[in-house]
Every structure is written in structure tokens, then in C-alpha cells.
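Going down the list, the sequences are from chains A and B.
Going by this note's numbering, the first residue of the first sequence is number 1, and it counts up by one from there.
Going by this note's numbering, the first residue of the second sequence is number 1, and it counts up by one from there.
These are calculated hints, taken from the structure and not from any lab test.
All of these numbers come straight from a predicted model, not from anything done at the bench.
Be aware that one or more of the hints could be misleading.
Stated by the list, open to error - Cβ pair distances, simulated, as ranges: (1) B:103 to A:5: 20 to 30 Å; (2) B:70 to A:69: 16 to 26 Å; (3) B:35 to A:94: 21 to 31 Å; (4) A:99 to B:8: 48 to 58 Å; (5) A:92 to B:144: 42 to 52 Å; (6) B:110 to A:69: 20 to 30 Å; (7) B:115 to A:69: 24 to 34 Å; (8) A:88 to B:145: 37 to 47 Å; (9) A:98 to B:132: 44 to 54 Å.
Heads up, the beta-carbon is just placed ideally off N, CA and C, and yes, glycines get one too.
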Amino acid sequence: MAPISTLHYLVVAAMLFAIGTIGVVTRRNVVIILMSIELILNAVNLNLVAFSRLYNLQGQVFSIFVITDAAAEAAVGLGILIAFFRNKETVNVDEVDLLKW
Amino acid sequence: MTPVATTFFFYFLASVAIISAILVITRKNAVHSALSLIVTLLSLAGLYLMLYAPFVAGVQVVLYAGGIMVLFLFVIMLVNLENLAKEEQFNKQWHIGLLACLVLGSMFLYVVTKGKAIFPVDVVSMPEAENSQKIGLLLYQNYLLPFEIASLLLLVAIVGAVVMAKKRI
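Okay, chain A solo, but in the shape it has when bound (with noise of 0.2 Å):
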């Protein structure tokens, strides 16, 4: 077999990052929306860590930096959500419509 090179990478980075953004699109569930985007975070990881291989540690470096702001994001989305379930009893995106006119 041919040896793994970092287009392989690229293109498993490339079909996470579709996965999870038809996981944002498509879904209704708050919980499963943020952890689709998660999935997109980690797409983005591995691009930044395979390019990282070829030139330099930064990539690496830039990689923990997403990885702390997936943290802070998860905590404040997940915060929203028990908030919103306590007002309105449902984690469905499409009955969130306080803002709504």
C-alpha cells in the first residue's frame, strides 16, 4: 500500500468536518449540536496538527489553544442549555424562540 501522506489526513479531517456540520444543520437536540461541533473542532485539530508535521510546532501549539476554547465553549453552551431546559422543559432547537417577533 501507498504510504500515508498528509493528504490522507486531510481528507479524513475533510469528511469529519461534513459530518459535523450536517450534525449541526440537520439535527433538532441542543446536546447533539454542540457535540457536532465538536467533531468540527477535532476536523480542524488534525488539519492543524498534519500541517504541523510538515513545517513546524506551531500548528501544535495553535491546536491546544482550539482544545481550551472547545472547553470554555462546551461549558458556556452547556450552561444555556440548562438554563433554557428550565424555563421551557425541551432541549429542541426549533422551539427556542424567545428572541423570536
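Given chain A, put chain B in place with the hints provided.
Chain B only, in chain A's frame:
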């Protein structure tokens, strides 16, 4: 020196990651989705190890699979989702969304396969033993300001999560 069975491990880890990612967005039960997401994250950590990035792989396992996923599972337990599994799982416009995302993904694949000529061919050899040391030096020398901003961001996130989850907003 070529590592042993690299191609086999790459295809194994990549297929596990993609299949469990598909399971994440298709399962009805949110707990099953979370468990599949953990499998995806662990196989991505294996891919990072194959890319000579052991520190990022460790952070991935400890922070993602250990920290963030526990947070997700806690919230799934907190919001009672039992009757939600019987409801409709996809929203009304999911056909158009699926089509648009597939177009996006195929565009990515087209661009990546077309642009592979700009990659450098020779792979730089990076000694794994010095990986964590070099990342630490980069974090505390070149990227000190982003590092501090990240700590501030985490503080804001902690305060925001506590305020959001309080009894009365």
C-alpha cells in the same frame, strides 16, 4: 526507517473515527451519541500519535475524552431526555441542509486533492522525545500573550457557566 504497519493503523483509526462520527449524528439516544463521540476522540488521539504529536494526543485524551465528555454526560443526565427519543430527531429542513453540507464536503475534498502539489514532499523528522519540551518553550516564549488570554477566556467561561446555571437568572 519506516514504522511497522503504519498504513494499517491509519486506515483502521480513520475508519473508526468516521464511522463513530456518523453514529454521533444519527443515534436517537444522546448517551449513545456521547459514547460514540468518545470513540471518535480516542481514535483521533491515535492519529495524533501517528503524526508525531504525543503531547497533543495526551491533551486530547485527558481534556476532551476525560473532561469535556464528562461535562456532556452530566448535562445529559441533568436534562431528562427520555421522552425526547420518541420525538422527531431531525428538523423540517433537513433535506436542504444535508444537500448543502454534502456539497460543502465534496468541495473540501476537491480542493484538498487538487491542491496537494503545494505540500512539501519530504517529511521533517521530529524527535518525539523533545515534543513536549518544545511545545512548552513555544507556549511560554513566543505565545505567552495568547496563553494568558486563553486563561482569561477560561475564567470568563467558568463565571458564565455558573451564572447561566444559577436558579434565578
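Against the structure, the hints come out as follows:
In this structure the hint that residue 103 of chain B and residue 5 of chain A lie 20 to 30 Å apart at CB holds, the actual value being about 26 Å. Roughly 18 Å separates the CB atoms of residue 70 of chain B and residue 69 of chain A, a value that falls within the hinted 16 to 26 Å. Checked against the given bound of 21 to 31 Å, the beta carbons of residue 35 of chain B and residue 94 of chain A, roughly 26 Å apart, stay inside it. Between residue 99 of chain A and residue 8 of chain B the C-beta distance comes to about 51 Å, which sits within the given range of 48 to 58 Å.
Judged by the Cβ atoms, the range 42 to 52 Å given for residue 92 of chain A and residue 144 of chain B holds: they are separated by roughly 43 Å. For the hinted restraint 20 to 30 Å between residue 110 of chain B and residue 69 of chain A, the CB-CB distance of approximately 28 Å keeps it satisfied. Between residue 115 of chain B and residue 69 of chain A the CB atoms are about 26 Å apart, so this pair conforms to the stated range of 24 to 34 Å. Look at residue 88 of chain A against residue 145 of chain B: about 41 Å separates their beta carbons, and that is inside 37 to 47 Å.
For residue 98 of chain A and residue 132 of chain B, the Cβ-Cβ distance of about 46 Å falls inside the hinted range of 44 to 54 Å, so the restraint holds.
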